[in-house]
Amino acid sequence: MRDDASSSAAAIWAILRKECRSEWRTRYGISAALLFSVTTLTSVSFAVGRLGDRGDILAALLWIVLLFASLAALSHSFVREVEGHTLTLLRMVASPTSIALGKLLFNLLFLGVLELVTVPLFLVLMGAPPPHWGAFLALLGLGSAALAASSTLVGALIAQTRSRGSLFAAVSLPLLLPVLAAAVAGTRAQWSDGSIAAPARMLAAYALAVLAMSLLLYDHLWEE
Amino acid sequence: MILRATLFLWVAATMVAAFVWAPEVPVLGPTTRVLYFHIPSAWITVLALGWSMVHSALYLRTRDLAHDDHAAASAELGLLFCIAATITGSLWARAMWGSYWNWDPRETSIFFLMLIYGAYLALRGSLDDPVRRARLAAIYSCVAFVAVPFLMFVVPRIYFSLHPDPIINARGKVDMDPRIRWMFLSMLLAFTALFFWMLSLRVRLGRFERKREARAVAHAN
Amino acid sequence: MSAGHAPLAAVERSARGVSIEAKGLAHRYGTRLALEPQTFELSGGIAAVTGPNGSGKSTLLRILAGLLRPSEGQVRMVVDGRERGAAQRRTVVGLATPELSFYEEMSAFENLEFAAEARGLEAPAAAAREALERIGLAGRAMDRMSALSSGMRQRVRLAFASLGAPPILLLDEPGSHLDDEGRATLERWIALVAPSTLVVLATNDEREWRLAGRRIQLRGRDLGHPA
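Residue numbers (the numbering used here), protein chains in the order written: chain A, 1 to 224; chain B, 1001 to 1221; chain C, 2001 to 2227.
Don't take each hint at face value.
As the list claims (entries may be wrong) - Stretch by stretch, here's where chain A covers chain C in the computed footprint (C-beta under 8 Å, at least three residues):
1. 2046-2052
2. 2066-2073
3. 2084-2098
4. 2210-2218
FYI, nobody ran anything at the bench for these hints, they're computed from the structure.
All figures in this text were calculated on a predicted structure; none of them were measured in a lab.
We treat Cβ as the ideally placed atom computed from N, Cα and C, and that holds for glycine.
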């Protein structure tokens, strides 16, 4: 067998491909998530109407919709493993860290697909002013990375408990609030032509901190 | 026994003195009194969280369930003091500025801490096996540790502050009447002692519960 | 305490510097004792772990595979002269247990190819195909797992264990659900790899433990009712 680093990379890539393939075959997760996103979005739009001049409210609403979408969507990947009893298989072929990174990358991809549909729809339905694309996309990227990092870890924890659904939101929330705060502040700033430097730095720092800490912890997660 | 009596007298004396002996701070008026309960409660909230997180990390390193006892007990007590701090803070805000809740940075921080405690205890509650519970709760505690500095310090910088910093700056110089300072420190010490006493009780209780379960199953076999 | 091991048969020899040593190995789930303290040493050949239901055979295998951290005792696994800690055991162990499940929406071949790729094998598709042929499943390799019978699923588990020809094989009730032909294939495979592999079989089936040169008997006393 190859050495550690390249076999970890192989494992991560294999797991990512496997997740994509499973998702594609069942399509259960992504459809539900998209439906949820679009429903939330249309409810907001219907209730609030067009907000062309309120960049601050628009920023908040956008990230709340994304937050809800990720709470609904990102808990699935580990729950599926537990319910399908495939954890033993996974643990015998890859290290816990590789498993986690593979799932994390998948969650990131998943969020990306969600955002590809939700964000343009949001901008159009809410009558939002055109964003400064560079800053806007940077915030989306960093925020998504932070959301995915936290959600992957919490998902792994929750999958082993008995009351999975409701618990995921409650347990994730404290970890996701800093993301919400910074992302909203940054998005608001770019709509009022301000600088996103501080919020963006915070998002990056937070995403890295959560990722680093969780990588240290994954080895302990599935010890039995 | 003597220590407990001393603690009781200390707390009682401090509480009385808070109303009778210490003067009022100019801006705050009669609401000064809240200082003595609100800030120590908040301090204990943070102390308890730190204690819990340290023991969580120690559990992961040593797998000694005694550390888990401490982590759990500390979290329960921390939540109690957190609720106390939130309520006293909210009442104070109402007296000072007319509204119970404003999402100013300090209020926001204490609320976030309450969320962390709640999430941690909810996670514990959903797990039955003591070893798995200890391990997963400890993992969550360690991740939450990362979130805390962001929630406590960075988020406040993002929002505008209503908190009266110049006078109630317990970390910096305290420009107040020496009697207030004494009262304040006295209460802080009293609360800390109270916390550790309650913690020791709760940890012992947790340990007894575990041993009783073990004995019960051994007898059944 | 472990008791009643048959003497080492003459044909066994140490395979590739492989050995497993256990000292006082025991496990509790909460307060329930699932595995009584075990002390043994294995080096090469075929060993059988037998005992009544609930005596901890599966628990022992999970511990050896590195999936479970034992509550007491130590286990030392050496391959090619190097000690393998719990986290590395999966790279040298082929495991087949009843709890091993595969991804239902993928075929047997895809599952094995995934496993081979994740484990870092050089040519994952070829390794998967070879494993499937060895176990007699080449014809149904492309069907989704959900379409396979329990006997065929068991064969997939055995194929999984054989991926990459690992130096240690841990097989929990390997013959379960297998028809006569499957059983014959299993016995042929075990006989083929035995000279170069340390094989541990957990079983109550006489057809299986009689293949072994060494037997570890778990007593299962005080562990609750044998089912």
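| said: When I compare C-beta atoms, does the stretch 2066-2073 of chain C have three or more residues closer than 8 Å to chain A? | reply: holds (count 3)
| said: Tell me whether the statement that chain A covers the stretch 2210-2218 of chain C is true, taking a Cβ distance below 8 Å and needing three residues at minimum. | reply: Violated - the stretch 2210-2218 of chain C has 0 residues with a Cβ nearer than 8 Å to chain A, which falls short of three.
| task | Mind taking a look at whether chain A covers the stretch 2084-2098 of chain C? Criterion is 3 or more residues with CB to CB distance under 8 Å. | result | holds (count 6)
| Mind checking, does the stretch 2046-2052 of chain C have 3 or more residues with a CB under 8 Å from chain A? | violated (count 0)
When held up to the earlier numbered hints, the structure conflicts with 1 and 4 and fits the remainder.
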